[in-house]
Structures are given as C-alpha cells and as structure tokens.
Amino acid sequence: MKRILVVLLLIVATIVAASMTAAAGRKKDNKPDGGSLSYGEYGRPATLDPITSNEMISLRITELIFNGLVGINEKQEIVPELAERWDCSADGRTYTFFLRKDVTWHPREGEEPKPFTAEDVVFTYKIMMHPKTITPLKVRYEFISAVEKLDDYAVKFTLKRPILNALAKFSFKVIPKHGPRNPLYLSRDDPFVQNPIGTGPYILKNITAEREIILNANDNYFKGRPHIDKLIAKPFADQNIMTQGLMFNAIDMIVLVNPRDLPEIQGDKRFILQPYNALSYSFFGYNVRNPLLADKRVRKAFTHAVNRQEMLDSFFNGQGTIISGPFAPGSWAYNLDVQPLSFDPEKARALLQEAGFSRGVDGFMQKDGKRLAFSLKVPIEKESEAVKRVVLAFKNYLKNIGADINVEFKEWQSWKEDVFFEHDFDIIFAIWVFDDSADISSLFHSGEIGAWKNNFGGYSNPEVDGLINESKLTLDHEKRRTINRKLHVILAEENPYTFLWTLTNYAAYHKKVRRVAIHPYKFFSYADDWFMEEKDQK
Amino acid sequence: MKKYYQISGQISEFSDLPFWKKADVVDLVYVGYGLLIVALVVVSYILGSVNLLPRDPQDIDLQLIMAPPGTAGRLLGTDFMGRDILSRLIVGIQAYFLPGLLAILIALCFGTGFGVLVGYRSEKFDTGITYFTNLVDSFPRLVLILLVIAAFKPDIYYIMLVVGLTNVPVVASLVKGKIQFLKQKNFIEADIALGLPTRIIIFRHILWHHCRSLLIIQATLGMAEAILIETSLSYLGFGVQEPTPSWGNMVQSGANYFMQGKFWPSTAPALAILFTILAFHLLGDGLNNILEDKRST
Amino acid sequence: MKFSAIRPIALVLSRELVITVLLLLGVSFVVFIILFASPGDPFSVLLEGQLSTAEAKAGLRDAMGVPRSWYVQYLAWLAGMLSGNFGTSIRMGLPVLPEVLRVGFSTLILTIGSLIITLLIAVPIALYSALRGTNKISWPLTMSSYVISALPVFWLGYIVIYFFTHKLGLFPIAFGFSSAGQKYRWLYQLLPIFVLGVGNGTISEVIRYLRQEMGRVMAEDYIRTARAKGASVWKHAFKEGLLIPVTEIIASKIPFILGGAVIVEQVFNWPGMGRMAWQAAQDRDYPVIMGIAILAAFFVRMGSLFQRVVYVALNPRASKE
Amino acid sequence: MTTAPILKIEDLRTYFYSRSKQAFIRSVDGVSLEIAKGETLGVVGESGSGKSVTALSILGLISVGPGVISGKIGFHSDRIQKDLLQDLGDFVKLTTRAGKVMEVTKDVVGWERNTERVMSKVRGKEIAMTFQNPKSSLNPFTSVGKQITEAIRLHTAMKIEREAKERALTWLDRVKIDSPRLRFDNYPYGLSGGMCQRAMIAVALASEPSLLIADEPTTGLDATIQSKIVDLLVELKSELGITTMLISHDISIISRLSESVAVMYGGTVFEYGPAKHILSAGFESKHPYTSALLASIPSAQNIREKGYLPAIEGDVLDTINIPEGCRFYSRCNQVTEKIREKCARQEPDLRQIESGHKVRCWLYFD
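Protein chains in written order, with this note's numbering: chain A, 1 to 538; chain U, 1 to 297; chain B, 1 to 321; chain S, 1 to 366.
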C-alpha cells in the first residue's frame, strides 16, 4: 500500500545521556556468529544512501549501513551512537557532540578503512542542506543555523532558535566525506547513492544482476560485530509469490506481511509473526471546499456510518486499533479520553436530516435538489486489495445512510495532482506515515492550504490554527501535551477526516532467527543483535 | 474410410446445396459452439443490463467473504468482498462487449482501408502507410497501453482503442497480401478490363469475395485478444476498475487466494474467459472453412 | 552462397536498416509525446515525502539541467542518444543504457525462449493437420493447444507455481533468474519461458497460419511436379510451406510476446524489461521509458529484418520486386 | 511394329465428388488404352474430356477423393512389370445401380500410402511427366539447373553432384536452351514460358524414363513457340525413340508426332487406332465425333470443301450427368433412324472394326 510519508519531528519521552561504549570486535553476549538471512521486499529500492532515498525500502537498507550521532533504543530512548556524549548550552541553542574515536568507515576494496571524524559530520550536514541536493530531510534541519568542527572528534551545532527535543533530530545518518564523488551536493547520478559506504553493522557487498542486495557483516563495527554474517534483500514484484517464497524457504523473512496472508503463516509452526507499530494511520479525508462537506454534521454523519471495527476484523484480522484523532495511539500526544465515534447509522441519518437532507426519489439523500453524492478518489496500485476493500466497504456503508459514493481509481501520479494540486476531489482514502508523530501543523493549519501542501482538504479553523501556533512556540513538553490533547478533542469533533485506525504491521520470519527486535519503520535498527544458533546456520 | 454417395441418377444444373449441408460436420460443430457461447454472452449482457440476476453483483456481505461455492445460495461462492461471483460473472461480460467491438471496428476499418490503399493503389500510399503500420508494429502492445493509460486514465475504452490500433497493421498486411495475390492471378486486371466500377471491384470482389473469411477471423481474434489484454492489465492493476466487474479483475482478485488453495474465485472467471476465447477461435476457424469451402473434397 | 544471392540480401539489409532508424526516431517521438501529455513528472517522485511545491520542482528541473519546454527536452535527449548517451534514470540515478541492456538481455532470453516453445508446440501440430487433415490425433492436439493459449497468462503462471511448490515441493521456481545457487536452477529459469511460450495467446494463431500456408503450398503445381518425378515433397514444400511462414510468425509475434513478458516477469520475478517499463511508466522516468521503448522497438525491427533477409535469401523473385 | 504394350489401361475410372451437388464428377469413366514400346500415343479431345485426369491417374497423382476407384494399369518396362493399381479393390467398395456407380467407400489415406509404395520405383524413374502451364509447375525456389540435377541424381546411376551437373547441362543443351551454363542458375521466374516448357521436358527426360507423359506441352504458349516446342519433341523422339503419351486438344500436334491416337470424349475413349487411319481427312470409317473434330480444324482443305469452319454443335458433355445412351448422342449429326433407339438407350462399347482400330459407335456394328 503506497503511503504519503510526512517526516515530522521525532520526539521522545526521556533522554538518557549515559554513554555505554562497547569495544569493537566480537559482541560480549557470547551468542554465535554466522548464518545468512535473506528477506523479501515488495519492490526495489531506488537509492541506498540516507540522503536522497525517500521510500521505505531504502530507509530499511540505510539503517543497516549507516549510523546517526544519536540513536533510539527499543524503549524509544535516545542513546549514544557515533557521538559518545554531548552537552547542550543553557539557552538550548548550541549542541556539542563528542564523537567516538574507534569508528571507521567501511573500506572500499583495496583501501584501508578510514577513521570517522568530525569532518564527516560537517560534510554530511553541508551536503544535506545544499540547494541542489534533493532530499526530504532538508525541511527537518532548517532549524540549524551553523555547524562547526571544534576538533577531529567534536562538532558544534548552533540552532536558529531553541526547539523542544532537538537532540532527537541528530539521529540523521552520517555519510563519509570521501564517499560522494561530488563534494558539494548529492544527486542521484552520483555513484555513491548506489554503492554507499557507512559506519553501520553491515557493509554493502554488491547488487546482483537480479537486483538482490547483498550485505556482509562489518567485522569492526564499533558496537561489536553483528552476529548474522550476511543479509540479502530480494526484490519481489508479486506479494503472493513473496509469501510463497517464505513458505518454501526461498527467503527467511518478510518485513511487511500482507494481511491476507497472515492466517496462512500463522498456521505454520516454522515461522514467527512479529507485530510492530506501523506509526501510521488510515483515514478518509474530506474536501471541505465542497459546500456539502463543509457542513461538519455531514462529515460526522459519515464517521458514524462506517463500521470501523467490522472492516478491521474482516480485512485485517482485527490487527489494529481504531483511533479517534490525528495522533498515533501510544504516542504521548494521543488523548485516550476521546472515544472513537460509535458505529450508528441511525444517528448518522439523524445528523443528515438535521443538516437539512431528506431522502430523494432515487433513495439517496438530497438537499434542495443537490444529491448527497461524492467522488472518492483512490490511487491505483498493483497490490491494492486492502485499499479496494476499505473503499468498497465505505461506499457500501454510506449507501445505507443514503449517500452515493462514486469510487474513482486513478493512476498514482494523476491522483496526486488531483488531490494536492487541483484539489479536484470530494473524498480520498489515504494513510499518513510518521516517523513518530505529534506535529500535525502541516495537516490542519490553514496556512498549509494551497498547491502541493499537506492540508489538501482545505480545512481551516481559527481555533485549531491558534492552538497549533501556540504549540509550535512552546518549549514545555507538558504544555504542548495539553495543547495536543485539546487539538485531539476538537478534530475528533470536527471530523476533517474520518479517522480509521492504525494497523499493526507484521514481520514474518523463520524461527531460526533469534532475538529479533524491530524498530517501527526503520526496521533494522537492532539487527546487529539478531543471531542464529549454529545448527540453524547451515 | 471416406464415404461418397449420390442419391438420384440425374442432377439438375442448379441443385446447389445450402452451406450447412455441404459443410464439414466439424466446422458446423465449431460454429455451433461458437455461436452458442456468443449467444450466452449476449444473453448475459441483456440479463445484466435489465439486471435480472441471482443477486446484486455489488451487494457486499462482509460476513461471507471468500465463501466456497454453494454457500448460502451463492452458486459459485463469493469473492473478497463477499459479493456473489455468479452475478458478477454474468455482468462481467459487459466490460468487454462494446469496447471489444470498438477495438475490432477500428482494426478492421483502418486495416482494410490501408490494406486496399497499399495493395490496390500501392504506388501512391505505400511508403506512408507502411511506415505507419511498421511504427505501430514496433511497440510492444502492453507497454504502449501502459503508457497510454498512465497518460490518460485506466479506461477500458482507451485500452481497446490501443488494441484496435495495434491490430491495424495485421489486418492491413493480410488484405494487402490478398490483393497482391489476386493481382498475380490477374483477377483485378480482368475486372478492370470488364470495365467494372472501382467500388464494385474493391467492395464486392476483393473485400466480400476474397477477404471476408480473413476479416471474420481477424474480428473473432480481436475479441479474444481484447479479453486477454484486459485480463493482463487487471493483473497490473490497470484493467477495468472496481466496483465494475470484469472477468479480468475477477481473476486477478481471486488469484490472490490461489496459493492458499482457494481456487474458485479465480477459476470461475478464468474458465469463462477460456471458453469464450476458445469459442471465438473456433468460430473463426469454422466460418473460414465453410466460407472458403475448405475441407470439402 | 553465390554472389547473385548475396547482393539482394545486402540491398534489403541496408534498406531495412534505414527504415529501422526512421522507425526508432518515430517510436521515441511518440513515446515522448505520450509521456509529456501525461500528468505528473519524475520530479514529484523524487520529492515524495516532502512538500513538493511547484517551485521545488522547477528548482529541481534546473538543478538536474532538464530544459523546460518539451521540444528542447526531446531534442536534448535525441542529441544525447545519437552520441550514445541515453541519459540517467531519474529515479535510480543509474545510466540508462547499461541498465536497459541488462534487463533487455534477460527479456530477450525470455522472449526467444518462449517463441521457440510456441513453435515447438505449434509447428508439428500444424504440419500434421495440414497433411492429414482433422483426424483423431490432430484434433485433440489442436484443441488442447487452443485451450491453453486461451488461459490468462498470469493465472497459468500461478497454476504452474502452485503445482510445483505445493504438489512437487520444488521451490523457488518463482525466481526466474534470482534462483542463484538453487537446485534445479535451470528448471526455475525454464518455467517462465515455458509459461510465456504456452500462454502468450498466439499458439492458436500460429497453428492456424502454418496450417493454411502448408495446405496452400501442398496444392501448388510445382509440388505435383515434385511428386511426379519421385522427389521428396517435403524437400520442395519446406521453403515456402514452412521456413517462410515461420519466420513471418517470429517477426510478427515478437511485439505480443514482449507484452506478455511484462506479466510473466512480474509473476516469476524475472529481472526484465517489462518490469522496469512498468515501474518507469509509473514514475514518469522518461529516460528509462525511452530507452526501453527504443530497445523494444529495436528487437521488433530485428525480428522483421531477420524475416526479410530469410525471405529474400529463399525467394529470388523478392529481390526483383 | 506391335510389341507387348508398355502401358495397358483397362476400364479406368477416376471420379471426383461435388459436395455442393452431392454427385460424382465422372471425369474418367471406363478408359481403356494401350501404348506400345517406342510408339507415341496421342490422346486428343476437348478440354474436360478426361485426358489429363487419365494421365494423373497413371502416376497416382490424384489427391482429392474419391479419385481412382476401379481399373487396371498394367505397366511393362524392361525393369518393372506390375499393375500400378494393384489391390485397389482392398481399399474401395463400390455400390452400383443400373451399371452406374452410386456410392463409393474408400480408405483414402490407406490408398495413398499404398500408391506411394507402389509408385516409389515408378515415378520419374519409369514414367516421367510434363505438365501444362510450365511456369507454375517448376519450383520457383530452386534454380532450373538444380531441378534437373535432382532428377538425374534420383533416378540415374550418377549420384555425384558434379557429374550430374554436367549431365544436366547437356540436357539443357539438348532441349535447345541457349547458353545452358548461364541458364543453369536461373530461377523459373526469369525464364519465358517456352523456356520453362523446355526446362521441364529436360527435367522429365533427364531421369531417362521408359515412358514420357507430355500433358498439353504447347498450350499457353504463343504460336511460334508452339511449333518450336513441337519441333523439339519430334527431334527428341527421333533421337531417343522414347515411348510417349502425348496429351493435347490440338490435333495438328498429335498428327505430327503420334503413331496411334485415342480420341476421348466425356471420360471415355471414342476411337482408338493408328494415326494414319484416324487423322487422315480422306479416310472413311470413323466416329462422328472424330470427323466433327477434324472438320473443325482450320485447314485449307476444309475451307475449300465447305467454305466455312463447321463447329461441333452443343456443349461439351458435363460429366456429372452421364446419359444412359451414347454420350455423344445429343450432339451427334450422323444418327440414322435405324440406330436412333440404340444410341439413346444403350451405350456402345469400344469395338474393333479392323486390326488395331477400335470405335465406340453404333454406326459400325449392329
């Protein structure tokens, strides 16, 4: 399922400044090394470097090859990575990172491994912000005003203005100065993007003619050599076939199992299904430019009309949670006091009548001659069963309350033009993906209305605007939290979207792979701790 | 063992048997089968349009998703939305009916047109048309269609437009070949010598007498190809779009469950496709043999 | 072969090559027009995941040195291509030519392979029923070949895979090429070829055509002469009755089969042109699409070139026409 | 000069079947002929009288059913003596009504196989044949020379390419094709009709057969070429003394070449005998049809006597409806009251009216 990816602030609850350095070499956990793990991906990554890449598959690979200054552990805490410690000025405008001295870059064949230094950090930042570099990251780092190298192993970042949890943002992946051919900016025709070197646990060996990406363990990884010798990413063009691949030992792991295949894999003792939070939510977004949809009662009626639990159960084996607001549940910003609107067709009809609609001759609601009919635009994809199911069910639910939905499938690009540029649609079904969301300013702030902006529905509400601005300014975590809870309440009532659910993603892997921990969307963050018993390594 | 017999001693000059008597049984069977299927198609088309169906093909039932055949009165079971496959199968033909005809029409009209121009008045039009046909020929069908769909919208009519166009060269070259053959045998010269008006020569003699069977075959093939192409596109997600049922997107959505051993949702439409295409092929063969008086020894 | 035979062939070759060049130009132009007419552009793909404002795109264009007006863009591309530079993929950043050649090669294997399969199935049936007419051997054969060629190709693929995995427990047949180091690798590579060869929906046509041609030739006077002088009918009918029609089929079916390859490559995970084209068409990655279109067209032209040459080589009259 | 006949056809029937009329086309309906060694038999008759079909039947080249259904074709060369239609009976069942074949059941495939077996030693090697419209009868895809060489290598002792080629060249030379070495590599499309005819004759003779069947060797060629071809045939005849069955509708050619003549009409032989008897205008006793035929030849004598060219009235007999009586009855202008009954009712058979001269007509016997 294609996702609209909005990369937003990464905010975490607690910060652990304690540095825990492990010497390079073997890990101390006396787990066996060896074995190789091949995992299936649906599709091919475009680029393999952390800067130009902008889709999930590359993201996962870069996670294996590169490191950031800081990292996030399984408990969502910030932990040292390339930087062993740091300090932050009192006014919160300068951050100084003291780098590890035992980190080396992956060697290019025939070369000696080069040491990782402050140079590289500065270089990475510069190249990332260069106007000619095309990267989704740029917007995230505009808050930084300057970076300077203090000495070989210390860098100082100066911020334009103090912002909350800036530290988390320094988890961006660092690339070597001697990496890209062009030292000024990084474009996709630079060989580096297809053949990158980093500091991470795995070294990109090669990409085969079949476009399998082969990664070898990095023997002098500074956190200790990863246990599994070899990772192979196999691209698939057909998800059914990919699942067969798992079932018949062509691959050992699928990073994202198609809900339809869950039962089959569940039934098989050889495999483990591991859930992980998708950090995304699905929704129906309304175009309030349409006078009929401008009426919040209509939107609310629609939300009442859809039986989200039924859909969740019958399409996704109930693997997910229904949401009531724009935040990922489980994130600190999510307001658990707000209950999702109930499934209640009666109430829905009542709301419509209240809004002045009455049943017309054709059985559909109408108000002074205007039928309650909308176009629901959906992008076409090859593997789109889930999408089809949801929109078809939606159409069905709304038929019951007398709204006529005309489902219109459009090719991906023209869909994007219609939605984000022409704004020529009434309703869309889409999914927002966050790295971990809380900032919804770009989604509902009236300032974000316009061509190629995220508030495609044109929703504007002074109260919401006010709250968003307020939360932007504040530095106090608690205050922001309360603001967000307020926002949640309002939006749940206003229904600019019909919030559906966030799904639980499942990774499926052969049970020979042990101690698998998965990061929500970077996935491989902890892959260096995975291992296989000798007997399974074959 | 072949049997030849003559009933009466005297045979009158004009006692010509109607074609169904003189045609070979096999051909009659072919044509019969073909017509039967075509009739079925037409019937289901009518049934669909006056919607006289076992069930509403759009009627979703989330409690009956992927129900096996026979469950709760669903003769062929239900699909991934719990919709009745039989009804969708019946309505599904509509997806091809007119679009397919469009494709055929385009192919035949332009094809014969160009063919006649090149074959009959070659010196003038040859290069131009040959270039065009070669150009069209040079595209792999599916890739071209993908491009067009991406450019405009995934509408069956666009697809069939392309299919029709891509078949123009085939028909053209066939007609051209036929005409050149006739020229070799000096038929056309004879006609001209007889002072027949050109339109008679072209339409009656060339097209009707010598090209009809070939055109019929092309027409039937065109329909068959239309169905197969749409099916392939459905697999890529670009075929006829939900909720409109087409055999193609039914096979596709059903095939998702094929590997899990749930065959029916894809098998039913696949068989429908199979029998229909077979019908068109055989219809073509049979008619060809009968019209051309092949086999008759 | 005698000089007298070589000269006409040389003539045809040169002529066809000129035509090919013209056609490739035409193809590239048409493709480009279609691409230009289509909404969205490659840059919005690059800008996925960020606010891809119109300005940002414009900036991108300039950054990547892509001219604004379409014809300048086309001419630039053309100039590049003529100097052997097909540009670099906008999405992957890889140079197009090697990429396209790589996938082109694997697709070529698939295409030629399946053509051979098709012929292996069709030719004997056609010849047999051409000589013996419809009888209890030729009829079932013809029917069954009609039946399989009427199946949707991807569904056929699924059946084959299902059969080989669940029933025979041979996996991963679904990997075409990427079954490196697997047991039965050749089998994994043979299957997609087989499936495409059977399921490309052309067998029935091939049979019909060959049968008609053979039948026609068998009725020719010179075949009667051959029989009268006790020479082998085959020897005399071979050229016109089999060789020429077969080459014609090869030439005319390549576009079809290339099309079918798009599907089979997806099902069998075959790293070929079809898949790349499909992806590129969605990304509007025009250098790639152009490259593929050109290459595909080139294959097609080579097919017909081959046919022409064979025809001329066999048929002295042709060179005079 | 009458020795054992090299070819003896007895009561040959070759039928075709019209699906649309559901009736038999009795193209050859009881033909009996003999060809003596060394002589040339001229078979004459209007088109559709079954001349060519007879020839094709001899070589077993009838491929559409039912084809040959009864008869004997005894072939006696120095090398082979056999019935070319041996065990035809095993493959064919005939049902007759009033002496008319009304139903044929034939194992076509089996018979074809049988023929191939029987004829394998005969075709080309023993009996060679040239066809009408030579242009299309030569393989357009191989050079003339090759086609001759092939025949030589198939049927003569010369198996080596080079020798055979030399021989082929001499043959080309013999059939009066100028500059053989150049022509050798020519393809039929490059040659004129006459050339092709010569080439084909070369192909036929190259295999040194004991019987040559020349089917309408001159039709479709313009007059001058015709005479040239005839000259060639005459010359070859004197050189090789090869037995020939010459089929033509052109009496002048027949009269120039043949010792004996068979006049065919409506699928049967009407008159058979020495050429000098039958074809000399002065000679009295002969079949009305023959005389009519002769009368219709544009010759000075005819014009002088009659002052006009009498044509034969009526149409050529359609071989679907064979009348009970004499096939020529409807067109005959010599029917006398005495025999009219017979002519209408009963078909006469081919009777000897004097040594070596047979006629099928009631006029000459009662």
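Some hints here could point you the wrong way.
What the hints assert, rightly or not - When the alpha-carbon atoms are kept at most 25 Å apart in a straight line, the in silico DSS-like pairs for lysine-lysine are as follows:
#1 239/B / 165/S
#2 239/B / 159/S
#3 410/A / 153/U
#4 239/B / 269/A
Claimed, not checked - Here chain A is said to cover these stretches of chain B; the calculated rule only asks that three of the stretch's residues, wherever they fall, bring their Cβ under 8 Å from a Cβ of chain A:
#5 259–267
#6 275–286
Unchecked claim - Computed, partial: chain U to chain B, Cβ under 7 Å:
#7 134
#8 135
#9 142
#10 151
#11 180
#12 258
#13 260
#14 270
#15 271
#16 277
#17 281
None of these hints come from the bench; they were simulated from the model. Note that the structure is predicted; figures quoted are calculated from it, not measured. Ideal placement from N, C-alpha and C gives every residue a C-beta, glycine not left out.
(message) Just to be careful: measuring from the Cβ of residue 134/U to every Cβ in chain B, is the smallest value less than 7 Å?
(response) holds (6 Å)
(message) residue 151/U was flagged as interface toward chain B. Is the shortest Cβ-Cβ separation under 7 Å?
(response) holds (4 Å)
(request) Grab the minimum C-beta distance from residue 281/U to chain B and call the hint holds if it beats 7 Å, violated otherwise. (result) At about 5 Å, which falls below the 7 Å cut-off, the nearest Cβ of chain B leaves the hint on residue 281/U intact, so it holds.
(message) Restraint: residue 180/U near chain B, CB-CB cut 7 Å. Satisfied or not?
(response) violated (10 Å)
(message) Min Cβ distance, residue 258/U to chain B: is it shorter than 7 Å?
(response) For residue 258/U, the interface hint holds, since the closest Cβ of chain B sits about 5 Å away, which is under 7 Å.
(message) Hint residue 270/U vs chain B: min CB-CB distance below 7 Å?
(response) Since the shortest Cβ distance to chain B is 5 Å, the answer is holds.
(message) Restraint: residue 271/U near chain B, CB-CB cut 7 Å. Satisfied or not?
(response) Since chain B brings no Cβ nearer than about 9 Å to residue 271/U, farther than 7 Å, the hint is violated.
(request) Answer holds if the nearest beta-carbon of chain B is closer than 7 Å to that of residue 260/U; otherwise answer violated. (result) violated (10 Å)
(request) Please work out if residue 410/A and residue 153/U have their alpha carbons no farther apart than 25 Å. (result) holds (7 Å)
(request) With chain B as the partner, please determine if residue 135/U meets the hint condition of a C-beta pair closer than 7 Å. (result) Holds, about 5 Å.
(request) Three residues minimum, CB to CB under 8 Å: does the stretch 275–286 of chain B make the cut for coverage by chain A? Let me know. (result) holds (count 4)
(request) Would you check whether residue 142/U satisfies its interface hint, that is, whether its CB is within less than 7 Å of any CB in chain B? (result) At 3 Å from the nearest chain B Cβ, residue 142/U passes the 7 Å test, so the hint holds.
Going through the hint list in order, the structure does not satisfy hints 4, 11, 13 and 15.
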